[in-house]
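Visitor: Residue strings, one per chain:
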Amino acid sequence: MSEITPENVRHLASLARILVTDEEVEKLAKELDVIVESVAMVKGAVSDDTPATSHPIPMSNVYREDVVKPSLSQQQALSNAPDQADGKFKVNAILDEE
Amino acid sequence: MSGLHKKPSSELAQMLRSGEVTSVQLTELFLDRAEKLNPLTNSFLKINRQTALEQAKHADELIQAGKAPSVLTGVPIAVKDNLTTTDAITTAGSKILENYLPQYDSTVVSKLRAAAMPILGKTNLDEFAMGSSTEFSAYGPSKNPWDLERIPGGSGGGSSSAVSGFLAPIAIGSDTGGSIRFPAAATGSVGAKPTYGAVSRYGLIALASSLDQVGPVTNDVLDAALLQDVIAGHDPMDSTSLVDSLGQMADFASKTDVKGLRVGVIKQLASDGFQPGVKARFDESIQLLIDAGAEIVEVDCPSFEYAVSAYYLILPAEASSNLARFDAVRFGQRVLPEGNPTIERVMAATREAGFGPEVKRRIILGTYALSSGYYDAYYGSAQKVRTLIQQDFAKAFASADVLISPTAPTTAFKFGEKLDDPLAMYLNDVATIPANLAGIPGISVPNGLAENDLPSGLQILAAAQNDGVMYSAAAGIEKLQNDQWGKRMIDFAPELEVN
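Residue numbers (my numbering), protein chains in the order written: chain A, 1 to 98; chain B, 99 to 597.
The shape of chain B in the complex, shown without the other chains (with noise of 0.2 Å):
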């Protein structure tokens, strides 16, 4: 049973329904190796070890009875800590909600538990998901398996780092700018933000609403769509759910022939400011892909240029209303203030105690762009700049099955290094964004080690609702990269040991 922990899910999945390991087995295996190594990378805020067994001995009776209700029943997940869990705390990363035990299951979550996935805890990630490293959790950064002085990608860090180092075999993330996919890519994992509305946002601790999507994180392209067959759906909870199926991924994602397939190349993302490995890469990938038969196109979207800053416009506006029901009334942190304690003092106590650095300045910078006079200029000219963002991509999209760029113009960097500079952080996002504004999905894989032998990633976009043509031409690509390297890349990360 040496190397269960590396397998993929669909591998594991078998194996379970051939009788040749138990849930609970494989239950075991994943909680030891989460506690053993969670001192290591804290990609763990919470590890339900007893939940986690109840729920494997469940499914391992769904299994022997021939009813498992899914293709991954019995295979234990981690989920990130801003989806609502009955049976765990929920923090977002955040102090303000320390203690708070939600009194009802998000969607997804429910979706896993009606699949019988055992849920091994809850992942860390930035403060309400604002960041690109969990540099700005309130309990910790998480560590890059890869580097454990490096991030492991954000704002969903703790699920790229669970399952690029082994402690989880499969993870749920969510992706508000790019919180699945630059993690995947800084771990040489997989990550995929499907269509916005394709997974309900029910029990998604909202960040900022038109734009959060939740999504797989995974070590190979089939676990993704096969992990997006389990959570995606309509759901009458959520009122931007997509009321139409988009088909099963899982079978999208074994069609790996990318002959003729129409790969389009953004010239904005393409150029400068990638760093010369990353791109280097990227220029490697579209070469396998003609010398695969693919159909390689330039295409044009000049106002990815204002991508970046409408996203900061539009994302702490929409957070900055949706933080405002922190306040000390219903759930959370309340904090009493010297003096005379008024509601509103009370509120602004609780506020300044319970939020981080980061949060602080995303709602006064939404507060801002929302203010009266203030409005039409900033959030109202962003919201334009979003028309014109998926005017390019219809415009790309005619001529291209596909869009490709790295997912970032970074490999995973040091703690540190952008910490005192939001704006550097936020210019990490910049291949990721539109997607986004636009809400189509998006997919990082594996594209190769570039500087000091870290992961760099491809990012694969398509049309909305087109989920499928992406998975398919996911997994057309990691099948070259695969066949070209011998292994997968997450194959090449070094082991964690704990001394």
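Chain A on its own, in the form it takes in the complex (with noise of 0.2 Å):
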């Protein structure tokens, strides 16, 4: 049985911002179908009681001092903006007018 129905990777990439055309959907479908079918024998590897490991190299409450440094400018904060006005980050309209 399929995994990943076109569906889903219709659904995945709207979650993940990405517009993705008719044709790719057919052919990530087909992809990660296979992918995920192969990646899915981790299930059967570990049991309940295996603890996870995320951060290789243990380590926990990594603070560093609360001092005031000096830091980028706004103008060159914004050098890279695709768009900007009044010193600040120019977005498109958040909310759909329609």
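A hint or two may mislead.
Said to hold, decoys possible - Examples of chain B residues toward chain A, derived with CB under 10 Å:
(1) Leu199
(2) Tyr294
(3) Met335
(4) Ile384
(5) Tyr410
(6) Leu434
(7) Asn438
(8) Ala451
(9) Ala475
(10) Gln488
(11) Tyr524
(12) Ala562
Stated by the list, open to error - Derived list of chain A stretches under chain B, where covered just means 3 residues or more per stretch with a C-beta under 8 Å from a C-beta of chain B:
(13) 15 to 27
(14) 49 to 59
Don't read these hints as lab results, they were simulated from the structure. No residue lacks a Cβ here, since even glycine has one placed at the ideal position from N, Cα and C.
Work from the hints to combine the two standalone chains into their complex.
Guide: This is the structure:
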């Protein structure tokens, strides 16, 4: 049974904010299905009491001193912005008018 | 001065100190080679003639004043294009960052500048370092100097082809699942991934943050050790940076005696699935070590069977989260869709146009692995496999000082061979991935020519924070090999020529 359907891909792409064409959806569904079927073997490798590792070298509570240091100027921070206005990042409308 | 371009950086450094050559002369030599040969190899995305020469001039002043800040001062270097540089566009091999001029230097680049190593240019890579061949670069693949119809390994194929083609004496790479080590194996050069956290990730454009590590790409082990000494060290800007120093790697690389060294051969990486020539060269190296007095032990790492699968869940999951920052607001491309351009539609249109096929594939796979209802089964299980792999390594290092395997199952393959089969491409990293999952150091050294007279690599792994042990063993094996061949393996590479 297929794990990844074209409908799944469409939904996942929208969650990931990537526009996909119908053609891409078909292709991705096939490719991802093969990959997921293969990587699913991890489910059988572990048990409930196997501890999980998120970080290879254990470290905890890494803090830095809370001191003020020079940082980017407003102009520097905006230097790569696709669009700007009044010293701020300018974005398109957040709410749909329709 | 002929043949200067083939000298190891350690020798170039000595010549700089003794005044036999200046940094400006060396930098010009490599800039000329890079400009002439890059049309063949596509190693560099950008060559910085002007800034490199300015930096070389500065290096010469420091050397002449007796104030060289580092052993490698004045030696020019190439840097992978996923490390930010304030004086050169940094693309990470992606169209989405086509015009991105970073506002800050990565810590590694700051350290190169502090050491007064002129930066020749930025090298090609698979988009956001996702790939094993550079075929996923938005700027075309790099070519292998041994055979221009073959891949130079990936993702760091720009750095590996630059160093093995002598367009640069030494380079920087990054390794998330083998992106330094496989390119080294494929091009007959040396590539080292330090212990996770030994080198700062600040300014490294993130792929998978719990796996990424920056490291050296060179033509011999001593050069790799010298470069690790330049770029390693604690960095408060990276919260995963190791606090304690691991020592001077160059000192370890000068110890080449393998007598009594306990070398573990990983059962799971010494059997099926390796090209016959690759396996034969590996077996010969084991014999070479036995003859030199090393003690060979077989080690069993049963969980390695699951390593590639766990990796291709953890990596896409972390990448899907890291690459969410490309939102068309603060940096990168912005593409306006047709119709009503709300911010959400702008993001989707931008990411559609700016990301290539492998990046989209992995982001969507990662989004799946992290989605509600699947998280525990996929991402959760993969993190548990990570524990099992660490346990396998812990057991193995109880009976061995270092572990060895072939670096990759194959030699350099032809362009297009694995492009339409993502899974086949992923399996190429079977031997390199476990080290990233466990955070341990690994290095690939030349291991003789296999099928079609192409290079194969030998991987040497050591326990976490034992990078020194790895460098000693690697230098020892390299010496045994070079004594046997009468020269370095890279000296068998064909000369690059422009018609």
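Visitor: None of the hints should be skipped; say for each whether it holds.
Guide: Cross-check of the supplied hints:
1. Leu199: Cβ of Leu199(B) sits 7 Å from chain A, so the hint holds.
2. Tyr294: 5 Å, holds
3. Met335: 9 Å, holds
4. Ile384: Constraint on Ile384(B) not satisfied, violated at 28 Å.
5. Tyr410: Holds, because the Cβ-Cβ distance from Tyr410(B) to chain A comes to roughly 5 Å (cut-off 10 Å).
6. Leu434: This hint holds: Leu434(B) lies near chain A, its Cβ roughly 8 Å from the closest one there, short of 10 Å.
7. Asn438: Interface hint status for Asn438(B): holds (6 Å vs cutoff 10 Å).
8. Ala451: 8 Å, holds
9. Ala475: 5 Å, holds
10. Gln488: Interface hint status for Gln488(B): holds (6 Å vs cutoff 10 Å).
11. Tyr524: With a closest approach of 8 Å, the Tyr524(B) hint holds.
12. Ala562: Status holds, d = 6 Å.
13. 15 to 27: holds (count 7)
14. 49 to 59: Check passed, 9 qualifying residues.
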